[in-house]
Amino acid sequence: MRRITAPALLLVTAWFAVPRFLTAQALLPDEIIRRAERSVFPDAFVMRASLQTLESGRQSSSMEMVVTFKRNVGSRIELLEPPRSRGIRFLQKEDALWLFNPQAGTSQAIRLSPKAAFQGSVFSNRDIGDPQYSTEYTMSLRGTETLDHPALGEVAAIVLEGTARNETVAYSKVDLWVRSSDDMLLKGEYYAKSGLLFKRVLFTGIREMAGRERPTVIRMVSFDQPDRESILTVENLQDRPELPDSLFNLAALTR
Amino acid sequence: MERSVATVVGAGAAILMTVLALPPAAAQNQMLFGDLQIFGQDFLSAQDPALAGAIGLGADSELMTGQAELDLNERLTFDRGQLSVADSVLWWQGSDGGSAQNDLLQAYVSVTPVPALTLVLGKQRISWGTGYAFFPGDRINPPVNPQNRSEGFYGITTSLSPSASLSITASVRFDTAFAGLAQLPGLAWPTAASIATSLPFLAPYLPSTAIPWLGLRYAVYVEDFVGDLDLHAGVTWQWQRVLRPTVDFSLDVLGFIVDGALAVELLNSDLYPQPGGTYASPGFGRAFPIATFGLQRTAATDTASVTATVEYLYDSTGYDPSQAAQFLGDLLSALSAAPGPGSLSGTLLGSVAQSAWFESGEVIPSLGQHYGAISVNGSLSRLFSADAAFLINLQDLSLALQAELRWTSLEGIDVFARAITAWGQDSGTEFGSSPLRLAASAGVVVHF
Chain A
490 MRRITAPALL
500 LVTAWFAVPR
510 FLTAQALLPD
520 EIIRRAERSV
530 FPDAFVMRAS
540 LQTLESGRQS
550 SSMEMVVTFK
560 RNVGSRIELL
570 EPPRSRGIRF
580 LQKEDALWLF
590 NPQAGTSQAI
600 RLSPKAAFQG
610 SVFSNRDIGD
620 PQYSTEYTMS
630 LRGTETLDHP
640 ALGEVAAIVL
650 EGTARNETVA
660 YSKVDLWVRS
670 SDDMLLKGEY
680 YAKSGLLFKR
690 VLFTGIREMA
700 GRERPTVIRM
710 VSFDQPDRES
720 ILTVENLQDR
730 PELPDSLFNL
740 AALTR
Chain B
125 MERSVATVVG
135 AGAAILMTVL
145 ALPPAAAQNQ
155 MLFGDLQIFG
165 QDFLSAQDPA
175 LAGAIGLGAD
185 SELMTGQAEL
195 DLNERLTFDR
205 GQLSVADSVL
215 WWQGSDGGSA
225 QNDLLQAYVS
235 VTPVPALTLV
245 LGKQRISWGT
255 GYAFFPGDRI
265 NPPVNPQNRS
275 EGFYGITTSL
285 SPSASLSITA
295 SVRFDTAFAG
305 LAQLPGLAWP
315 TAASIATSLP
325 FLAPYLPSTA
335 IPWLGLRYAV
345 YVEDFVGDLD
355 LHAGVTWQWQ
365 RVLRPTVDFS
375 LDVLGFIVDG
385 ALAVELLNSD
395 LYPQPGGTYA
405 SPGFGRAFPI
415 ATFGLQRTAA
425 TDTASVTATV
435 EYLYDSTGYD
445 PSQAAQFLGD
455 LLSALSAAPG
465 PGSLSGTLLG
475 SVAQSAWFES
485 GEVIPSLGQH
495 YGAISVNGSL
505 SRLFSADAAF
515 LINLQDLSLA
525 LQAELRWTSL
535 EGIDVFARAI
545 TAWGQDSGTE
555 FGSSPLRLAA
565 SAGVVVHF
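The listed protein sequences derive, respectively, from chains A and B.
The working numbering numbers the first residue of the first sequence as 490 and each following residue consecutively.
The working numbering numbers the first residue of the second sequence as 125 and each following residue consecutively.
Just so you know, these hints were derived from the structure itself, not from any lab.
Ideal Cβ placement from N, Cα and C applies to all residues, glycine included.
You may find that some hints are simply not true.
[As the list claims (entries may be wrong)] Label pairs and their calculated CB-CB ranges: (1) A/S539 / B/V346: 31 to 39 Å; (2) A/T627 / B/G379: 36 to 44 Å; (3) A/D664 / B/N153: 19 to 27 Å; (4) A/A640 / B/A423: 35 to 43 Å; (5) B/A294 / A/L686: 24 to 32 Å; (6) A/L630 / B/A428: 34 to 42 Å; (7) A/A640 / B/A543: 29 to 37 Å; (8) A/S629 / B/A543: 23 to 31 Å; (9) A/D671 / B/S505: 24 to 32 Å; (10) A/D664 / B/G164: 55 to 63 Å; (11) B/S440 / A/T652: 32 to 40 Å; (12) A/A593 / B/T201: 15 to 23 Å; (13) B/S505 / A/G632: 16 to 24 Å.
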């Protein structure tokens, strides 16, 4: 009986594991990253989120915002807190970023560099609006490994390696860990142009939101800013496929 | 002041409408925000009693005041539109008395019947230009007022946005037809006679009375985002007053934001001083090119960030600097005698007189021909920030400077110290002729 059980267990294990591995191998990296992006946010959504930045474990800044996003169109952010930033809006489209401050006294939006830090946080402007892994990086499959995730424990993960397609993106290379079972994005590591590891991002706080299980806490640490990290917490997420493209132009931003 | 009464009434009506006619409970979303500044200001003018008098100091050259300023923004969002109100109230108290001033900056209703189309009615501003300091093509938004406030225009705007990249905006400004024209010599509403002089073939069809609707100002503005290039083009027209086409662009080049604009005024109606104390405008038939070019860059470390902006302006509608002092004096006298919206359209000298115009970032200098604007903003540890902004007349090397230090001690409360000054080698220079010597202020800002 024991002689039969061990091979049987191996067979059963293989029965469940191999097809999943084959599926991962069968999917192109570009398809995996698109599914991973959608595991975090839908293709079009309105989200209320908070962003805390900690220095040496102490909160150095906190803000609340509403993010409106439509994939391959753009993203808008409106700050709700702190009071001094209330009403400030950002619009990001492709490689461009604008800021509009209704209290500045002018009706013009100011163009900014999307690679700059977002409001003093560890996140770049682009990280908040749209990391655009699938459009800005050429993805390749690095392999599979067991990831020690702070919330999920040991998880089988596919590792993708993304190389920047042009000079304008925020990072020269990104490594991304995607849960094998459902392509959920769990971890990322971002590299500077020098090749040095620059930032690490962890996706945790997994819970049901906008129709599926998603990570709702995104924690970013920067290796060139020791003891400093920023945490984006999704408080509310609405899947809004009907969002009009016209919401993402400059005329709408300044209204 | 008649205008203050009008704006107070306007603000009251708008707020009443907001609170009563459209209860916030009916809105999908309500947003109320703003700030309250409480500060003291010491204003030093030139030692010329005439100039001091022209800017409201009497014969004194120094005025200390205590001031409080409330800026209020309210936005109610509905299913297919929004109601937006921005208002500013300033109270000040000096040794010779006090006063209050209300500026209704914007109050409009916008309706979006279909996603790609927005209609806006009321007092409003529209987005125009890609620059930081200079917007040479913008003749639809009013210049900052003498209280350094960016008021909107009364009008109607339609925005069509067929895609996220492309939008087409058309505006009609009403207030130009009903204010200002009659307050300057030689200008009035167009009449059949004046039109017939320019366009004789229309004479048989024209009414015999004045035609105020010809005082309306029209603007069309197109924005498109192509690749990494943000490209804008537009034109503003008003009968016998303005005809100004413009093209603007901005581009991100390796982290440097580059912007530029080219406008041409084909119908310059600015009044130029003539011998004998009269004024005349060049009118149609002479092209006045206006061009800007700028760069902006942000550099940041763990705890500090610095943003530097440099922008150059060539303004051919400017005056010969030698005329500046005389013209400024005349204009200040005119200001104190008969202020009114639109009466100084195209110039910001009224704001220069109040010395605070530089703060707004929306500057269209009218004196001289070549200008440079330099702005440096820095922050340290998110507790301190420092801003400095210069406007330099590159021909006579006179300049205006504003500098501010700000301490962010608590969430929502800032403490600041600010100074504004104008300098020139002599009174023949543009900023040397300004009545301002120094305005220094310090106070507290409470954000809500």
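Evaluation of the provided hints:
no.	hint	result
1	A/S539 / B/V346: 31 to 39 Å	holds (38 Å)
2	A/T627 / B/G379: 36 to 44 Å	violated (22 Å)
3	A/D664 / B/N153: 19 to 27 Å	violated (40 Å)
4	A/A640 / B/A423: 35 to 43 Å	holds (37 Å)
5	B/A294 / A/L686: 24 to 32 Å	violated (52 Å)
6	A/L630 / B/A428: 34 to 42 Å	holds (41 Å)
7	A/A640 / B/A543: 29 to 37 Å	violated (53 Å)
8	A/S629 / B/A543: 23 to 31 Å	violated (57 Å)
9	A/D671 / B/S505: 24 to 32 Å	violated (42 Å)
10	A/D664 / B/G164: 55 to 63 Å	holds (56 Å)
11	B/S440 / A/T652: 32 to 40 Å	violated (50 Å)
12	A/A593 / B/T201: 15 to 23 Å	holds (21 Å)
13	B/S505 / A/G632: 16 to 24 Å	violated (42 Å)
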